[in-house]
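Participant: First to last, the protein sequences are chains H and R.
For the first sequence, this note's numbering assigns the number 1 to the initial residue and increments by one for each residue that follows.
For the second sequence, this note's numbering assigns the number 1001 to the initial residue and increments by one for each residue that follows.
A portion of the hints provided could be inaccurate.
[Stated by the list, open to error] 20 Å max Cα-Cα, derived EDC-like pairs, lysine to aspartate or glutamate:
| hint | chain 1 | residue 1 | chain 2 | residue 2 |
| --- | --- | --- | --- | --- |
| 1 | R | LYS1083 | R | ASP1110 |
| 2 | R | LYS1083 | H | GLU41 |
| 3 | R | LYS1106 | R | GLU1075 |
| 4 | R | LYS1018 | R | ASP1041 |
| 5 | R | LYS1064 | H | ASP53 |
| 6 | R | LYS1065 | H | ASP165 |
[Said to hold, decoys possible] Coverage of chain H stretches by chain R, computed from C-beta distances (three or more under 8 Å per stretch; other residues unrestricted):
| hint | stretch |
| --- | --- |
| 7 | 142-150 |
| 8 | 309-318 |
[Said to hold, decoys possible] Calculated Cβ distances over 12 Å to all of chain H for the following chain R residues:
| hint | residue |
| --- | --- |
| 9 | ALA1024 |
| 10 | ALA1027 |
| 11 | GLY1048 |
Just so you know, these hints were derived from the structure itself, not from any lab.
Glycine included, every Cβ here is placed at the ideal spot set by N, Cα and C.
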Amino acid sequence: MSNDKSGSVDGGLTPEAAALIDDYFARFRAEAVADGATGWEDAVADLRVHVRDRLEGSAGTAEDAERVLAELGATEALVAACVDASAEEDSEGPLAEEGSSKWTGRLLGVPYDLRAWKSSERSLSRIWNPLDRRVFVPRPLGIGWTINFGALAVLTHIVRPDDEDAPFGAVPPRIVLATLAAPLVALTVFAVLAAVNWARLPALVPMHWGPSGHVDGYWSRGTSLVFLSVLAVVPVVEAVWLHLRRRPPFTRVVTSALSLSVTTLALAQLAQMLFTLDGGTGVWPFWIGLGCILALPFGLLVWVSRMGRAAERRRDLLGKGRE
Amino acid sequence: MDQVATTGSEAVPSQFRKGVVELAILALLHNDEAYGAEIVDLLGEYPGLAISAGTAYPLLSRLKKAGLITSVWRESPVGPPRKYYRLSVEGEGAFGAMAKAWSDMKDAMDSLLGRGTTHE
């Protein structure tokens, strides 16, 4: 019997036994595909080798094949094991293995992840994960690292890893909704600043600065403002949409924080542009903005986490008091 | 089993170590409830089971998701309230089964390792 992945069989087995084995692995493949398991192709190859080894020395009858397949167990259980293994690879725990998939790994020491599927879910869970002690975690899609604000909060002793049973799970709905106010305020500031200064902008405006702080790139007024407006508005619209769709609290809170970060980036670029047009030298407004890009979402996430912790404490401590 | 644990003083493959430490946590919580830092300290008394807080909390989270332990905030005599962990009813059953399995495996491994030593 061969151990290729196509399911073909060879000598040493009766046709009935070969058909049983092929049918077993066909069901395994179908269920694995349906359940979204990964890495099952290798599992099929390994299991076929196992079946071959177990059948060695037997007559290779249908009864022998049934006995060996019964040892393997139901295909549903095997597929579930594959799905669990996939989840283990996806987890951010310090004991989880990384890079065992051909879609993920390291290139010259730099992590990469080319799995486009579920990248948005991975993105959110990596931005706030107090259980993962790594501050810099592999980007959910692409090459390099991103910041795990949850680890940063634990490292600075602002929160403890187990402050919340599930991140933001106990946060009151009004607090979850209130997180949307932060990016909306940033967007409002951006809009007011752009509207007030639109008339006095020249045809060409500075949009890029060199290391020394001198302008080395100009864009037309319209192009630059359209670009910055899209940068500011799109993330906020997405956050509003997710809140309106009543997505889980974790998704909504992290999306609010992300949209705040990106809108602040647009605001920082606009502020730097106006600063230069007013005769200012240097790029310190932009650097302040970059600091805010990190500090504001960090502060927002920590605040919400503390609200969640407070809600859990009220639930447990006041509940006990009533008992 | 080629990944090696980064915590602890011994280079024990992480999957093996993780399973043992999970059982050790269940054993601790079988006797009494404890909070996170306390669990880390208690395990630290056993050199082979010592883990860092960075390893302990993900394990506690995993056990909680599996329904084997529960947590509850309690007032602390010193400082702010703490989150205490304890075995759930399901966890008590799982602990009994795992302890039995461990005992069986221990006997088997002692026999196997003893045989290896004899062959040497």
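Participant: Examine each Cβ of chain H, and state whether all of them lie more than 12 Å from the Cβ of R/ALA1024.
Facilitator: holds (14 Å)
Participant: Is the listed coverage of the stretch 309-318 of chain H by chain R valid when you require three or more residues with a beta carbon under 8 Å from a beta carbon of that chain?
Facilitator: Coverage by chain R holds here, the residue count being 5 at a Cβ distance below 8 Å.
Participant: Confirm or reject: R/ALA1027 is not an interface residue toward chain H, with every Cβ-Cβ distance exceeding 12 Å.
Facilitator: holds (19 Å)
Participant: Quick one, are R/LYS1018 and R/ASP1041 close enough, alpha carbons at most 20 Å?
Facilitator: holds (17 Å)
Participant: Just to be careful, I want the Cα atoms of R/LYS1065 and H/ASP165 compared with a cutoff of 20 Å; is the pair within it?
Facilitator: Roughly 9 Å separates the two Cα atoms, so the pair holds.
Participant: Quick check: do three or more residues in the stretch 142-150 of chain H have a beta carbon closer than 8 Å to a beta carbon of chain R?
Facilitator: Result for this restraint: violated, n = 0.
Participant: Taking 20 Å as the top limit, are the C-alpha atoms of R/LYS1083 and H/GLU41 close enough?
Facilitator: Between R/LYS1083 and H/GLU41 the Cα gap is close to 43 Å, so the pair fails against 20 Å, i.e. violated.
Participant: Once the closest CB in chain H is found, is it more than 12 Å from R/GLY1048?
Facilitator: holds (16 Å)
Participant: Just to be careful, I want the Cα atoms of R/LYS1106 and R/GLU1075 compared with a cutoff of 20 Å; is the pair within it?
Facilitator: Measuring from Cα to Cα gives roughly 40 Å; hence the hint is violated.
Participant: For the pair supplied as a hint, R/LYS1083 and R/ASP1110, confirm whether the alpha-carbon distance does not exceed 20 Å.
Facilitator: violated (38 Å)
Participant: Between R/LYS1064 and H/ASP53, does the CA-CA distance stay at or below 20 Å?
Facilitator: violated (39 Å)
Hint violations for this structure: numbers 1, 2, 3, 5, 7, all remaining hints satisfied.
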